[in-house]
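Go ahead and model the full structure; you've got the sequences and the hints to work with.
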Amino acid sequence: MKRFASIALATAIALFLQGCAGWQSALDPKGPAASELAWLIWFFTGLCAVVWVLVMIALTMPLMMRPRERAGPLVLDAGAEGRKLRVVITAVGLTALILVGLTLLSFFANRTLAAIGSDAVLTIRVTGHQWWWEVRYEDATPSRILTTANEIHIPAGEPVRLLLTSTDVIHSFWVPSLSGKLDLIPGHMNVLDIKADKPGVYRGQCAEFCGAQHANMGTFIIAEPRAKFDAWWNDQLQPAAAPMSDEAKAGEEVFLKRPCVMCHKIGGTTAGGTVAPDLTHIASRQTLAAGTLMMSRGNLAAWIADPQGIKPGSHMPGVDLNGDELNSIVAYLEGLK
Amino acid sequence: MSSADLTSERDLPPEREASAKGDLAPERDGPRDTGLDDASLHRWLARTWRTPPGVIGALSSVDHKVIARRYLITAFVFLCLGGLNAVAMRIQLSGPQRGLIGPDLYNQLFTMHGVTMMFLFAVPIVQATGIYLVPLMVGTRNIAFPRLNAFSYWVYVSGGLFAWVSFALSMAPDVGWFAYVPLSGPEYGPGKRADVWAQMITYTEVSSLAVAVATIVTVLKQRAPGMSLDKIPLYVWALLVTSFVVVFAMPAVMITSTFLILDRLVGTHIFNPAEGGDALLFQHLFWFFGHPEVYIIFLPATGMVSAIIPAFARRPAFGHLGLVLSLIAVGFLSFGLWVHHMFATGLPKLGASFFTASSMMIAIPNGVQIFCWLATLWDGRPVIRTPLLFVFGFFFIFIIGGLTGVMLASVPLDLQVHDTYFVVAHFHYVLIGGSVFPLLGAAYFWFPKITGRMMSERLGRWHFWLAVIGFNAAFFPMHIVGLWGMPRRVYTYPAELGWGNINLFITAGAVLFFLSFVLFAFNLVHGALRGAPAGDNPWDAGTLEWATSSPPPSYNFARIPVVTNVEPLWAERDALPVATGLRVDARELLISTVAEAHPDIREKSATPSIWPLLAAIAVGATFLYSIFTPWAIVWGAAPIALTLIGWFWPKGDPEDEE
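Chains as they are written, first to last, in this note's numbering: chain A, 53 to 389; chain B, 32 to 689.
The reader is advised that the hints may include incorrect statements.
[As the list claims (entries may be wrong)] Simulated pairs of lysine-lysine, DSBU-like, Cα-Cα distance not exceeding 30 Å:
| # | chain 1 | residue 1 | chain 2 | residue 2 |
| --- | --- | --- | --- | --- |
| 1 | A | Lys-309 | A | Lys-389 |
| 2 | A | Lys-250 | A | Lys-280 |
| 3 | B | Lys-262 | A | Lys-136 |
| 4 | B | Lys-252 | B | Lys-635 |
| 5 | B | Lys-252 | B | Lys-262 |
| 6 | B | Lys-380 | A | Lys-250 |
Since the hints were derived computationally from the structure, they do not count as laboratory data.
Since the structure is predicted, the reported quantities are computational estimates derived from the model, not experimental observations.
Now the structure itself:
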């Protein structure tokens, strides 16, 4: 038992040293739903730990007791059997009571979660693709509807309704520090309400196995103060910035002549593909390829030059580009803020 | 048993009416065991029940012990292969952004790990243990439908080869062991990988169903006289309930995989939402099998615990009736909670709450079992030997898994931990703690009955501690890293998330756990070759399998025992009463009534035959061919029909002709 205890202790220490500081941790809640769930997790864990310890004591006690020599199989004593029966029935009754309590607790937690989205201020349609997220901000005015990819901006402190679906396989939307996960299923529309208490960047990741690059299907929720969020939305509605330098201009030309336009869209140009992320404001995002690489000139170049080396199996093919073409495209994309 | 043991003899009923079995006229009735002395009785029975010599003889054996040994060894080999997969995955995950194994291979690795452990190890090994023990524990000479039993082994082993050969050819399924559509469907699962999954599942479950049917009939109709329902050993009860669960659950997964192959191969749109199908239908069908599957693996393990604890606590299991009713309750309830695998699919909230309640409820009968075992142990100072150690390991580990199961049953909580490493930790605690640890205990416990030799107690203790420490080091931290946000089935993860160190620790634990199985394998081989001779009943246990010699002769019992108690060997310390009257020149079994186990009729048991093997090859070839063309079903029907005709061709009675 000592060895078990030391293992348990070591993991507990590891938990306190390293945990609770996760970017993507259910134990580090940053919104009302995740807070409710974290509380529930700790409560269940505590109760289960108590039950487990009690059972272990009951298990080890007979080993600690003084030996009662008993060579042959026991002749049963009716009185002792009756006492044991009462103990067992009591234990079963307690188990049932605890389970009823936990069932009620989860039912009420469910209601708390459902109440979060009742006054949602914003609706965002999130569509799963192998292996990126299409994000569409709904608005009553059609010209204000905005489509981006992979990063979801929300106003901090306000509930937001996410409509989740998929165009290919089943994905699952999960940002643990804000809320539990919900699947994106082709042919179904699921509703998930989220709310971030404070401004911040919260990482999420696809949680349902969706094929070769399931591991690299990250997302970010960026919660901002309302004014900043509105400004961001207005910026995003603008067409792509025109290339400034000669190199960037050359890059735009290369981009529009190459197969890039089959899949990608850049607002304000003839590139109108919709099967891959919209690149109109790509340089304003924090990561590339759904959270796989941080946004930087070097990573942009690496990704365009060899997408299959970075995300093997992804649907972005390697396009044959010489060094100058690659540099110019990177310069062009870098300007798309 | 010797003739000195005979304290009572009962006359058995006459054979079935001549009209029912025209070729067995009473005047041709051969010699019976009634008046024979011991030596000639053994000679007669050994000749009647032997497996024929030579390779063809070995391939045509229908002895349940021979088939069970093959099953056990094959399943153990698959366990080691599945474990190697796991170690390979853990090495890839031991640090962030490792490039040892790419996504293509990694996705095959975890799919094959799941498929191997669930379909090629866990279910077959519990069924194989049952094939070996159930006939011995109910006191009969062979399992019901022995040729079907032989057939099931050949189907199973060829299904396993089918999967592993495809893996060796880099053609293994890579869609996860539950292969959700549309990922495994025709559009997103190109190539033949998902077809291999679908056909292998259908195919191996044929064998599982066959064993379940044989077990049910053996338990209900072949019990020794006097073994009324209340005197059936708990292990046999567990196998009986499990077999019923198999009969109702396996068809659901076979339908799932058949629908999938139809979508892929014939062009139906059962799961295609664009054509009015539904991807969620797959999940409902799959989990209607998938949840009972957990209990198909777990219930026999509880039966093993119920056999080991009384033997070492030196008293009958406390609450026999309660344990039996819990087994039945778990069997029923296991069908009512499949939806808790699907909380994240966005089901209506009220429906989900119902499934929360039903999932929590199953903890009650499981609690009854655990409290009854504890009460059994409390009543005395248990003799601690390796089998009991593994039962303690079972308590230690399984209860953690059961409690995290209660957490997963809660809808809101499940939405945080579903499909994360927390779940990976949970189900390994349940499956390894709840099934593998009892199985290891059972291996030490029944090894002497199978080989006639003991395994090393010393190595057994080393094995136990290595396994417990390795297991907990590997799987306990997974709970934590899951709550930190690590999803399952990822082949890599970014360094910034801070999961590196804990994953390195997990990998070290996994390697240690794997090494414990290497030690176990050594102990098995060493025990089989060099172990101390065991004798009939080395643990002084009470159930019937210990009444015959170790290893048992081909006919199991020279004279069929008569049962008066749940632990007949404890109730009748000196001599077990026997029933006589069975023919010794023909493979006769005693068939008894379902409830009271009164002797009813005598019935012939099948003789060795090569046809089950040939039929399995024909079925296997058809399934293999069917991943390429639906016409395989048409062309394959001919050889299958041919082999079945050979199998069932009325041949009279060869023993009568000898």
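Status of the hints after comparison with the structure:
{"no.": "1", "hint": "A:Lys-309 <-> A:Lys-389", "result": "22 Å, holds"}
{"no.": "2", "hint": "A:Lys-250 <-> A:Lys-280", "result": "13 Å, holds"}
{"no.": "3", "hint": "B:Lys-262 <-> A:Lys-136", "result": "21 Å, holds"}
{"no.": "4", "hint": "B:Lys-252 <-> B:Lys-635", "result": "13 Å, holds"}
{"no.": "5", "hint": "B:Lys-252 <-> B:Lys-262", "result": "14 Å, holds"}
{"no.": "6", "hint": "B:Lys-380 <-> A:Lys-250", "result": "28 Å, holds"}
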